[in-house]
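Asker: Sequence:
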Amino acid sequence: MPEYGIILLNLGGPDSIKNVQKFLYNLFSDPDIFKFPLSSITQKPLAYLISKIRAKRSKKYYLKIGGRSPILSYTLVQAKGLEKKLLDHLDCKVYIGMRYFHPMIDEAVEGALKDDVKTFILLPLYPQYSTTTTGSSFNEFYRILKKLNITDRKIVEIKSYPEDELYIKSVAERIEEAMINFNEDEMENFAIVFSAHSLPLKLVKKGDPYPIEVKKSVDAVLKYLKNNSPKSEFYKNARVEICFQSRVGPVRWLEPTTTDLVKKLAREGMKNLLVVPISFVSDNVETLYELGIFLKEIATQNGISKFVVAEPPNDSDTFIEALKNIVLEAVKNER
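All residue numbers for the sequence shown refer to the numbering used here, where the first residue is 37 and numbers rise by one.
Calculated from the structure, these hints are not laboratory results.
Do not rely on the hints blindly, as some may be mistaken.
Result set (DSS-like, lysine-lysine): computed pairs, CA atoms no more than 25 Å apart in a straight line [unchecked claim]:
| no. | residue 1 | residue 2 |
| --- | --- | --- |
| 1 | K195 | K121 |
| 2 | K307 | K332 |
| 3 | K58 | K92 |
| 4 | K299 | K342 |
| 5 | K150 | K129 |
| 6 | K190 | K154 |
| 7 | K129 | K58 |
| 8 | K300 | K252 |
| 9 | K251 | K272 |
| 10 | K300 | K205 |
| 11 | K195 | K120 |
| 12 | K190 | K262 |
| 13 | K71 | K92 |
| 14 | K182 | K272 |
| 15 | K129 | K80 |
Computed spacing ranges between beta-carbons, pair by pair [unchecked claim]:
| no. | residue 1 | residue 2 | range |
| --- | --- | --- | --- |
| 16 | D151 | N219 | 33 to 43 Å |
| 17 | K71 | E199 | 29 to 39 Å |
| 18 | K368 | P139 | 20 to 30 Å |
Virtual Cβ for every residue (Gly too), placed ideally from N, Cα, C.
Please build the complete structure, drawing on both the sequences and the hints.
Answerer: Given below as structure tokens:
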């Protein structure tokens, strides 16, 4: 009976081609992202229709990255590593709660209740807060508690950690690893492109802090590289851009889009690009297909000579150490 149950909150992803539509249905059913007119009546029917239409194309993307999302595999590594590190400090157990595919948040909550956890710690694997990611997962967690009539547990929320020192270091380490692919000549006509998942502009206007927190992460990573990398002078002078990917539907989203920015850089004579998926801590279809395959093809077609995508933290021990410290700090503050 652990005292603390840490729930790692993440997006989730289909574990097979046959479950792509189910994953998309769950995604489009989420009113925190897609709120359709008369949503109490139309949300689920429209989610079914949209998921059915989009599934055919999405299945092709997943086939190109092995037929499933790798996000759960990496989250399992993160969860096991985190639990191992925390057990030296806390009586705890780590659970995984995905928002749109198994193991889902209700499964994590039920597992923790079965273990008689006294305090829930909600730890999003989204370093930058948005109402559509962390906010949506928190909302789902509280809906589940209400449904189960659970009122006697303590709850600790970790909302975001865009400038956490070790998280920033884990991203910087992946950038340094990716830079090995570029020789000295290729570091001319070069740009570092930080790509984050996009967000509808109307949510930003309502106060969603996501783009501000993305900028904080980018600035912190650059500061770390300038102060700690053997290539510090290179990073001090490198061209750096921030852009946004994975927009859906006709509404206005954050700009520039990753695709538009890459085309613009090519027109301006850039030949070598390093793309950093700054809002992702695990590989998924958006990093492996959208950036690694689709965007690479666009870059090549527009005259980019070398195009490299940095790996997200994934199984980085530095990142898992960051999560440990974030949890311990939250527990300290809760006490």
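Asker: With reference to the structure, classify each hint as holding or not holding.
Answerer: Okay, the hints, checked on the actual structure:
no. : hint                    : verdict
1   : K195 x K121             : 21 Å, holds
2   : K307 x K332             : 12 Å, holds
3   : K58 x K92               : 12 Å, holds
4   : K299 x K342             : 14 Å, holds
5   : K150 x K129             : 12 Å, holds
6   : K190 x K154             : 6 Å, holds
7   : K129 x K58              : 29 Å, violated
8   : K300 x K252             : 24 Å, holds
9   : K251 x K272             : 17 Å, holds
10  : K300 x K205             : 29 Å, violated
11  : K195 x K120             : 23 Å, holds
12  : K190 x K262             : 41 Å, violated
13  : K71 x K92               : 23 Å, holds
14  : K182 x K272             : 51 Å, violated
15  : K129 x K80              : 34 Å, violated
16  : D151 x N219: 33 to 43 Å : 53 Å, violated
17  : K71 x E199: 29 to 39 Å  : 31 Å, holds
18  : K368 x P139: 20 to 30 Å : 28 Å, holds
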